[in-house]
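K.L.:
Single-letter residue listing:
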Amino acid sequence: MAVISLYYRYLERLTGADKETILKRLPMLGSDIERIEENHVDVEFFPSRPDLFSVEGVARAMKGFLGIETGLPGYNVTPSGISFSVDPGLASIRPYLGTAVIRDISLDEEAILSLMGLQEALHWALGRGRSKVAIGIHDLDRVTPPFRYIAEERTRAFVPLDYDREMTMEEILEEHPKGRAYAGIVRDFQRFPLIVDACNQVLSFPPIINGELTRVTGESRNLLLDTTGTDERAVMTAVNILCTALADAGGRIESVEVNGTFMPTLAPTTRLVSARECSALLGIEVTPAELSLLLHRMRYSAEPAGDDKVRVTVPCYRADIMHDWDIFEDAAIAFGYENVRAELPPTFTIGKAHPVITIASCVRALGSGLGYQEVIPFTLTSERVMYTRMQHPVVPGTLCVLHPITEENTMVRTGILPLLLETLQFNRHRELPQRLFAVGDVVEELETYQRAAFVSLHPGADFSEAYAVADALSRELSIPYTPGESGDPAFLEGRRGNLILEGRVAGTFGEIHPAVLNAFELEHSVAAVEIDLRAVPGYPSGLGTP
Amino acid sequence: MDLSLNEKRLIKVLEPLKKSDPATLARAMETSAESVIQFAMLLAGRGLVLLEKEVTTRYAHTDEGSRYAREGLPERQLLQSFKDRIPMSDLTKHPLSRVGIGQMRKKGWAVVRDGVVEKTGKDMPGEDEIALKDPSRGGPGIAVLVKRGLLTEHQGTKYLITLTPEGYALAKSGLKIQPEVGTLTREQIIGGSWKDLHLRHYGLGTLPRKIYPGKVHPYQRLLDEMRQILLEMGFAEIYGGLAQSSFWNFDALFQPQDHPAREMQDTFFLKETVPLPPGYEKVKDMHLHGGTTSSTGWGGNWTKDKAQQCVLRTHTTSLSIQHLVSHPEPPVKVFCIGRVYRRESIDSTHLAEFEQLEGIVMDKDVTFRHLLGFLKEFYGRMGFEGVRFRPGYFPYTEPSVEPEVFVDGLGWVEMGGAGIFREEVRAPWGIRYPVLAWGLGVSRVAMLRLGLKDLRQLYRTDIDLVRETPLWSPLQKSPGGK
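So the sequences go chain by chain: A and B. Using our numbering, the first residue of the first sequence is number 1, and each one after it goes up by one. Using our numbering, the first residue of the second sequence is number 1001, and each one after it goes up by one.
Do not rely on the hints blindly, as some may be mistaken.
In silico DSSO-like pairs for lysine-lysine, Cα to Cα no more than 27 Å straight-line [unchecked claim]:
1) Lys1306/B / Lys1282/B
2) Lys1133/B / Lys1018/B
3) Lys1176/B / Lys24/A
4) Lys1119/B / Lys1133/B
5) Lys1306/B / Lys1271/B
6) Lys309/A / Lys1364/B
7) Lys1364/B / Lys352/A
8) Lys352/A / Lys1215/B
9) Lys1364/B / Lys1282/B
10) Lys1053/B / Lys1083/B
11) Lys1376/B / Lys352/A
12) Lys1093/B / Lys1107/B
One-sided and incomplete, this derived list gives chain A residues near chain B with beta-carbon spacing under 10 Å [to be verified]:
13) Glu110
14) Ile112
15) Arg435
16) Phe437
What the hints contain is simulated information worked out from the structure, not anything from laboratory work. Positions of the beta carbon are idealized from the N, C-alpha and C atoms, including for glycine.
Sequences and hints are given; from them, build the entire structure.
P.N.:
Below, the structure is given as structure tokens:
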């Protein structure tokens, strides 16, 4: 999530409302207030609304929401006469370029902070960590147009931002903090993207770092924007969001000719939506005229267009408007979620428990009746707990995660008993006897199904206790088993058995092997039972496989 | 005063003696000394005897200690093994050198200069050596020897029982000694002899032994309560696999293939792949250009490979969408409570797996208002009386809403998320009516209800948490109660 710092003075000046009013209404526009500080507030906005990642953007939206200034904000774009060429050699590297010129701007400290925050948040939300979109802002007066976006030799050198000496692009990837952070995006290419001016001076090495030459300061009056990336739509969205924010900050936007096309246009798009469809979605009756009014408060332009239609003009910075319903949601926000009267739907249905969960509940009732306490262990575990300590070979079809975070979480459990022994280990200092059970999901060969396990730890725990519990569970769960010899090495030879149903092992029980007790640091004997709940009549087959 | 038979007998035995010890009294009463102490405790409670307790400590030599008591401490033996000085290399050949050299230097008996050990002449016997000869004399040397493992400490308790003037008066007044019965036998009950028996009375002052009933984990009880609420509200329960294809976990829910949640930092990917279901092309079209809806789609690329890769489900919505695909006709009202996974480093507020509760309603004419109605009703039944709604964002719902509930002492707490499935989600499968959906991280509710500070406590169970959490606690409002 993007957390944006909104500086009160700047926010109040741009919005034309006091901060108390703004803070009170901000959550109802769609945000979480994280921290209220003396001179600013940190607010988290949704990734779908990158246009709110600046003070300028928030002020623009709040003006509409508070009714101070509604309807579509207008943005004029005049030609700058500047051109920018894109080298075809970039097609397989970083093909798309978006650009604009911003004239006559004067950024005070808070405006610069807002711009930096916007740039950073866009890199994260829209740019996917700069891989999809990266942004550079330059002091235009330090360089000479026309500009060229080229695929350059990796050994080309220039002075990167925050350095006072020339470095080759390869060196930047090795040594510069930004180079090291983002090297992965370009490292594998033969040539690197570079932006240069008419005199071959370097403006930027996208997506890594700008040149020191064009550093933006409070003194900068004319700016050049570059956004480069791999997705044309995202690149242009970034240009639109930055340009509208800079225009709101007092700049004049001018277009640049890129390979024969002028950009940006900052032109809105239009959609013809149905007021009836909106009413049906929200459960709030709105006429086309009412819908238009609501949308004006969300900074759209909208007018009834015959029948139940409304022609909606969507500002260029609203990249999230993909579908008519996105507009209807905005209508609901303008209406106010707090004003929507909640009502239960008329839908009549009859509740129905799932047999797998009902069987699990039944096991819990039995566990309680037998005097066992339930625990709910993790399903993620390790080969060490699941197999090594249990002296058990690896079960075929064990599901391993590809990038585990820790050695404890490398696989999904194929049984529950080892997790219960681990729980006993956590509880070594607790009063005896300890009788525990757990019921839940395991996965084998991609199939998820349920097992239940029972352990009883006390000085007298033995085979006959385990056998009696296994028998009681089987009787109560209607599993007509026959006892069979077990070869499970987690149990003592001669003190173990299987529950056999239709020739298949439906469960195992017995006295845990002392070597296994040692592995779990347990000091008393443990009688244990584990049952495959697919053996319970009524357990549905063919479930739990993707 | 209602004395038990044993109490009376103890007073009788004590009467001529005035005071005695448990062993003597036990012989006279033909019982054990432990029992005598028990009876005396009861009488002491009534002020009839005085029970004095004296704890005595005795020290005994360990095997090593008794050897040194005879032969001298290792450092003493070592000191005596040479005259004024000796090269360190020679001294280390002495069998006791490992312990002795250090102690010798520590006590200042000898110094080491240029590899030569030299006596200082200050080697008077220390407190420890005096104590080692005769531990019963005590003294400051004892603690050092216990620490060195040369002595062990044994504690004993001695009791002295004295009849008080009140007890003596009672004994004088004459006590009627009559056999008492504890447990009634079958014969006594059916034969009627119980009428003539003197039944022993038991005191309430002694608390009973604590027994712990077998029971369901408090967290599971909360899950059961939620399940019960949803069943009562007419929802059918669904269940499904922990492993899901990326297709059902993400693509079918209109999460773009370059969405951050689909990177290996956030999700547990598996090496397994599964074939895509028939009709997947429509989902692909939806991603690329919005299919036949008013949507623009995400644009960019969409690959089959990425959709086929399995993941540990990041939400149970993967089950809801599959249920809708196989039940596209209204009405559908289903819920699921199941484990979901996030690739998170585990700490007190983050787990890599936790329970999610999710419900969907698909029907003709259901609206956003109805969604809010459901949420209010559900949270109300959970015991949260104040519920309010804020705009939210989820990739597969539009409109989206974040419900908040009011919790005493905490204020408004965000509680899950909800919304109406985007048309992009249902259109590929011919699902014609709106789908209201909401989800909730249940562990959060459990923390509030059980007053836990650390999420891990739910899964890495301390047995005492289960033992000490009452099955029915005041927080556990009656299901349906408001």
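K.L.:
Decide, hint by hint, whether the structure agrees.
P.N.:
Taking the hints in turn, this is what the structure says about them:
Taken as a hint, the Lys1306/B and Lys1282/B pair is honoured in the structure, with Cα atoms around 16 Å apart against an allowance of 27 Å. Taking the CA atoms of Lys1133/B and Lys1018/B, the gap is near 40 Å; set against the 27 Å cutoff, the hint is violated. Among the hinted pairs, Lys1176/B with Lys24/A is inconsistent with the structure: their alpha-carbon atoms are about 83 Å apart, more than 27 Å. Simply put, Lys1119/B and Lys1133/B have alpha-carbon atoms about 24 Å apart, close enough for the 27 Å limit, and the pair holds.
Straight-line distance between C-alpha atoms of Lys1306/B and Lys1271/B comes to about 12 Å, which keeps the hinted pair within the 27 Å bound. Between Lys309/A and Lys1364/B, the direct Cα distance comes to roughly 22 Å. Compliance with the 27 Å bound is thereby established for this hinted pair. Note on Lys1364/B and Lys352/A: the hinted pairing holds, with a Cα-Cα distance of about 21 Å set against a maximum of 27 Å. Taking the CA atoms of Lys352/A and Lys1215/B, the gap is near 25 Å; set against the 27 Å cutoff, the hint holds.
For a cut-off of 27 Å, the pair hint linking Lys1364/B to Lys1282/B stands: about 23 Å separates their Cα positions. A threshold of 27 Å between alpha carbons decides the hint, and for Lys1053/B with Lys1083/B the separation of about 53 Å lies outside it, so the pair is violated. Between Lys1376/B and Lys352/A, the direct Cα distance comes to roughly 22 Å. Compliance with the 27 Å bound is thereby established for this hinted pair. With a C-alpha separation of about 21 Å, the suggested pairing of Lys1093/B with Lys1107/B holds against the 27 Å cut-off.
Residue-level restraint check for Glu110/A is violated (minimum Cβ-Cβ distance to chain B is 27 Å; threshold 10 Å). For Ile112/A, the shortest C-beta to C-beta distance to chain B is roughly 28 Å, which exceeds 10 Å, and the interface hint is violated. Because the smallest distance between the Cβ of Arg435/A and any Cβ of chain B comes to about 7 Å, under 10 Å, the interface hint for this residue holds. Residue-level restraint check for Phe437/A holds (minimum Cβ-Cβ distance to chain B is 8 Å; threshold 10 Å).
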